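**Q** Start from the sequences, fold in the hints, and give me the full structure.
For the sequence shown, UniProt numbering gives the first residue as 1, with consecutive numbering after it.
Treat the hints as calculated values from the structure; they're not laboratory data. Check each hint, because a few of them may be wrong.
Said to hold, decoys possible - Only pairs whose alpha carbons sit at most 20 Å apart, straight line, appear in this in silico EDC-like list of lysine to aspartate or glutamate:
# : residue 1 : residue 2
1 : 86        : 23
2 : 86        : 32
3 : 86        : 109
4 : 86        : 107
As the structure is a prediction and not an experimental result, all values here were calculated from the model.
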Amino acid sequence: MTRPNMFIVHVSDAPAAARFYGDLFAMEPAFEAPRFIAFGLGGGVQLALWSGATENPAGPRTAEVCLNLPDAPASVDACHAEWTAKGVTIVEEPHDAVFGRTFVAADSDGNLIRVAPFD
Numbered sequence: 001m002t003r004p005n006m007f008i009v010h011v012s013d014a015p016a017a018a019r020f021y022g023d024l025f026a027m028e029p030a031f032e033a034p035r036f037i038a039f040g041l042g043g044g045v046q047l048a049l050w051s052g053a054t055e056n057p058a059g060p061r062t063a064e065v066c067l068n069l070p071d072a073p074a075s076v077d078a079c080h081a082e083w084t085a086k087g088v089t090i091v092e093e094p095h096d097a098v099f100g101r102t103f104v105a106a107d108s109d110g111n112l113i114r115v116a117p118f119d
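**A** Written out as structure tokens, the structure reads:
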């Protein structure tokens with residue numbers, strides 16, 4: 001069975017977004033082109049940043065990139081403090097949800113990044 005192996009985040013400036021995501025997740029690009037930059041996540045899976053799409057005929061996007069952390073809730077709160085110190089935009093402050101401690105940040109294009117515990 002074929003499984004998804006690339007998650008694409010649409011951005012307005014791929015190099016700027018790559019610097020943001022690279023710093024946020026402490027990773028280096030595996031592939032770089034002027035408007036498309038991909039990061040290897042392991043197991044053949046990639047996170048790609050693409051500034052080549054000019055329109056979205058399907059309407060607004062609602063997906064989130066999610067970083068699952070062990071040792072929650074302390075690790076989630078520590079990540080929030082670290083990202084806040086870096087100046088990352090926080091759009092949903094840490095709180096307890098049905099699945100545990102979580103918060104949501106955004107990149108400069110408004111793409112959402114959720115931090116949550118492993119299930």
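**Q** Identify every previously stated hint that the structure contradicts and give their numbers, smallest first.
**A** Those not satisfied come down to hint 2.
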